[in-house]
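Order-wise, the sequence lines are chains V and X. Terminal number for the first sequence in our numbering: 559, no gaps in between. Terminal number for the second sequence in our numbering: 314, no gaps in between.
Don't take each hint at face value.
What the hints assert, rightly or not - Distance ranges between label pairs, derived from CB positions:
hint, chain 1, residue 1, chain 2, residue 2, range
1, X, Ile291, V, Ser534, 22 to 28 Å
2, X, Ala274, V, Ser534, 49 to 55 Å
3, V, Asn84, X, Val140, 51 to 57 Å
4, X, Gly228, V, Ser312, 54 to 60 Å
5, X, Asn240, V, Glu443, 49 to 55 Å
6, X, Pro44, V, Ala325, 25 to 31 Å
7, V, Val437, X, Asn41, 52 to 58 Å
8, V, Thr144, X, Phe246, 22 to 28 Å
9, V, Ala325, X, Arg119, 35 to 41 Å
10, V, Ser312, X, Val135, 25 to 31 Å
11, X, Leu17, V, Ala147, 45 to 51 Å
As the list claims (entries may be wrong) - Partial pick of chain X residues on the chain V-facing surface, computed with a CB cut under 7 Å:
hint, residue
12, Gly60
13, Ala148
14, Asp254
15, Gly257
16, Thr275
Just so you know, the hints here were simulated from the structure itself, not pulled from any lab data. C-beta: ideal position from N, C-alpha, C; glycine also.
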Amino acid sequence: MGIELNRRHFLSAAVSVAGVAAAAPLLSACGGGTSQTSGVNTESGLKAALPAYVPSTNLKPDIPSVAGGPDVLTDPGFLTYPANPVATVSGVPGRGGSYTAVTPLWGTVPTAGNSFYQAMSKALGVNLTVKPADGNNYNTIVPTMTAAKQLPDWINLPTWWNSNFNVGELAGTQLADLTPYLSGDKIKKYPNLAAIPTGGWRVGAWGDKIYGIPSFSSSFVIAGGTFFRRDILESKGITANQVRSADDLMSLGKELTDAKGGVWAFGDLWTYLYTAWGAPLKWRVDNGKLVHAYETPEYLEALDWHYRLATSGYVHPDTLAGDNANGTTRFYAGKELIQGGGMGTWVLSDYQSGVAANPNFRRGAFDVITADGKGTPRVDMGASTSMISYLNKNLKPEQVEELLAVANYLAAPYGSAEYTMVNFGVEGVHYTRQNGVPTFTDEGKKNVQAQTYPFLASPPAVISNPGGDVVTRDYTAWQAANVKALAKPVFWNMNISMPQWASTALAAQPVEDTIKDCYHGKKKVADVRAAIASWKSSGGDRLTQWMTDNVLNKYGTGQ
Amino acid sequence: MSTTHPSTGRPSRLSWLVRLRRDRSLLLMAVPAVVLLVVFNYVPLFGLLTAFQDYDPLVGVWHSDWAGLEQFRQLLGDPLFWESTVNTLYLSFVQLVLFFPIPVALALLLNSVLSQRLRNFIQSVVYLPHFFSWVLAITVFQQMLGGAGVLNQFLRTHDIGAWDIMTNPHTFALLVTSQAIWKEAGWSIIVFLAALAAINTDLYEAAAADGAGRWRRLWHITLPGLRGVIVLMLVLRLGNALSVGFEQFLVQRDAVGHDAADVLDTFSFYYGIATGNYSYGAAAGLFKSIISLLLIWGANKLAHAFGEDGLYRR
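With the hints as extra help, turn the sequences into a complete structure.
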């Protein structure tokens with residue numbers, strides 16, 4: 001039942017277990033911070049520092065990327081795993097140095113010095129001691145290291161914890177500036193790092209300098225979408241393209257709900273649907289003035305519709321009771337046919353669970369829509385990644401270069417020899433090929449499956465679900481169909497640290513609580529209006545002013 | 001035993017050393033519990049410092065800025081804080097009235113069952129829910145009484161509209177109290193059963209011989225025998241009036257909405273810890289502790305005024 005995790009925590013946790021090449025982490029757009037140092041980048045200053053982007057040509061995907069607007073590209077799809085992975089790095093990257101690295105890990109932490117770690121150290125040519133720490137407690141482990149100024153040589157700092165780690169302040173004091181090594185054409189020394197699109201590097205930049213190395217970055221990052229049971233809806237003659245407006249969606253409620261049979265049309269939709277009314281994810285600029293989503297009329301219109309939905313009788317009672325934890329179970333069981341979710345759910349493991357419940361299971365997603373069915377649909381992009389690793393400031397230049405060479409190995413593209421090593425281990429020991437698909441042995445399940453090294457550096461995301469090609473085809477097709485809808489919100493990929501009072505105001509817990517009560521039908525829109533009014537006077541207006549003075553007026557919108 | 005004090009009738013005091021020697025094995029046995037108490041209940045009190053700071057986990061307690069009473073000033077001006085205080089007191093009151101008598105009655109009932117076997121069986125059945133976590137207990141309620149649960153699906157299939165039990169904020173107090181009774185009533189009877197066992201059975205026999213019926217015996221022997229324990233439990237309950245539980249409300253908060261379900265503990269969690277505003281949460285927690293201390297002190301005084309032992313003998 002509903003211990004509602006922070007959305008970002010939940011999604012990123014889902015991503016990390018999603019495995020090989022799933023979706024990218026999401027939504028660092030709403031990350032707060034405690035520091036007084038804003039660490040924000042300027043557009044011109046950052047452009048000068050950013051590395052060049054040289055896409056990799058080593059492997060041809062089965063389903064190539066499709067370009068959208070600037071910095072928007074669908075993830076390439078792979079239906080098969082290469083039979084003979086090609087090497088992208090010649091020789092051994094390291095020169096025998098000894099280093100320690102700390103990464104978050106969601107799952108069972110492998111034993112230290114296991115066969116996979118040894119094999120990796122050998123392949124990398126460095127004595128790299130990786131110390132994965134429990135991802136759920138990671139935000140409590142790192143501050144003790146930063147407070148004692150005892151960071152390891154290499155560390156992953158997830159962006160949604162930027163505020164806990166005060167990264168804006170750490171950059172330059174405890175974290176190494178990588179600009180001299182990576183800026184512009186210098187990155188070409190590390191071709192696999194150069195193949196990471198610039199969006200990811202922006203997320204690791206502070207004060208116009210490059211500090212972080214992005215993992216799991218993607219050029220198609222959105223919060224999520226509105227999913228439906230494609231098998232069930234199609235059996236009733238309903239296809240995704242019939243839903244072009246909020247009214248279309250509402251009318252599905254009557255058609256699909258069969259309360260007596262224990263079937264309801266909808267789960268929660270709000271989180272991934274409210275922008276269809278034209279409300280921004282968090283901020284927008286109207287005539288040069290910064291406006292928070294709460295203050296836009298579109299936001300309240302969206303709420304009004306969701307309130308009507310909640311009281312229509314088409315939403316599953318358990319959803320209205322806040323039982324999110326069993327949402328996917330209801331979806332698999334066909335008791336709830338349409339529900340919002342992060343894009344990270346559209347992966348192999350989801351397909352396997354769904355098919356286990358019903359052999360016909362097929363997940364689909366409605367296209368991005370506008371509420372009134374008119375105009376061009378638009379969805380705000382999230383940050384290009386939320387997984388960034390940093391090097392310690394105390395490393396000597398040659399040590400930094402050695403670790404960057406290691407990062408280059410770790411970032412080798414999907415399907416390459418290095419990628420196979422990093423993600424599957426040694427053939428015959430950690431995995432075997434079954435029907436061409438690398439499949440973990442028991443040793444591999446124990447030590448390789450819960451990913452460690454990719455949290456230090458990894459190639460851009462691809463879509464690949466060996467054994468579930470339908471997922472790869474459906475998801476890549478959906479991305480291609482919606483790529484034009486992706487647009488950059490204000491402050492996209494900008495790192496903003498703020499004082500405690502401002503991040504409290506940004507979290508706006510009392511308003512968010514009332515909003516949830518509203519889209520569950522327990523509070524009226526007028527109640528939300530009242531909560532917003534009291535939020536404005538108790539910190540909201542001050543927050544908007546702070547953002548205007550410290551970010552908008554100094555650094556612009558980042559667009 | 002040794003001599004008694006002439007005025008109080010209690011054993012007169014032995015010297016400290018003598019008592020230490022006499023009770024050393026008992027004291028030794030108490031050491032682990034005391035250590036546990038110190039480590040987990042007293043040492044963390046140090047963290048209360050954060051309530052007077054602008055605590056920043058990055059720099060730690062030693063280096064965070066001092067804020068004086070600022071957190072408390074904000075807290076007392078926060079309408080949500082007062083809402084949760086009122087909720088807490090209201091839920092506590094409802095539980096006191098509806099929950100408190102049940103274990104006493106249950107213990108009396110169980111005590112009157114003659115078959116030892118049946119007694120043990122009933123006792124096990126009513127104990128069991130105590131060992132469920134709140135998440136599980138509430139899931140059971142949800143599966144049975146929820147909007148898509150057994151009861152409502154039955155009503156629906158027979159065309160008698162659904163009955164909103166689990167998500168109605170107006171009846172939430174009754175819901176949580178019945179959950180508490182289902183889960184904890186069986187566990188709470190233990191102490192009353194022990195007190196019942198301590199009543200001298202000769203009294204019953206003598207009363208029965210004098211012609212006292214079942215009710216007269218209950219009124220004149222059993223209840224007076226239980227009075228001390230009942231008062232003690234009441235004192236403890238009052239001292240805990242501001243701690244009505246945490247998980248039970250956390251889990252059901254989304255079901256009925258935050259303004260019905262927020263109690264002081266969930267307030268600290270959502271508006272302190274969840275938003276990274278640790279000092280604010282600590283201030284709310286400290287405020288609650290101070291009021292609780294006053295309550296338990298007052299209740300104890302009251303117990304003494306009525307001639308009972310309360311928490312300790314005066």
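Hints, one by one, checked against the model:
no.	hint	verdict
1	X:Ile291 x V:Ser534: 22 to 28 Å	holds, 25 Å
2	X:Ala274 x V:Ser534: 49 to 55 Å	violated, 19 Å
3	V:Asn84 x X:Val140: 51 to 57 Å	holds, 55 Å
4	X:Gly228 x V:Ser312: 54 to 60 Å	holds, 57 Å
5	X:Asn240 x V:Glu443: 49 to 55 Å	holds, 52 Å
6	X:Pro44 x V:Ala325: 25 to 31 Å	holds, 30 Å
7	V:Val437 x X:Asn41: 52 to 58 Å	holds, 54 Å
8	V:Thr144 x X:Phe246: 22 to 28 Å	holds, 26 Å
9	V:Ala325 x X:Arg119: 35 to 41 Å	holds, 39 Å
10	V:Ser312 x X:Val135: 25 to 31 Å	holds, 29 Å
11	X:Leu17 x V:Ala147: 45 to 51 Å	holds, 47 Å
12	Gly60	holds, 5 Å
13	Ala148	holds, 5 Å
14	Asp254	holds, 2 Å
15	Gly257	holds, 4 Å
16	Thr275	holds, 4 Å
Checked against the numbered hints given earlier, the structure breaks only hint 2 and satisfies all the rest.
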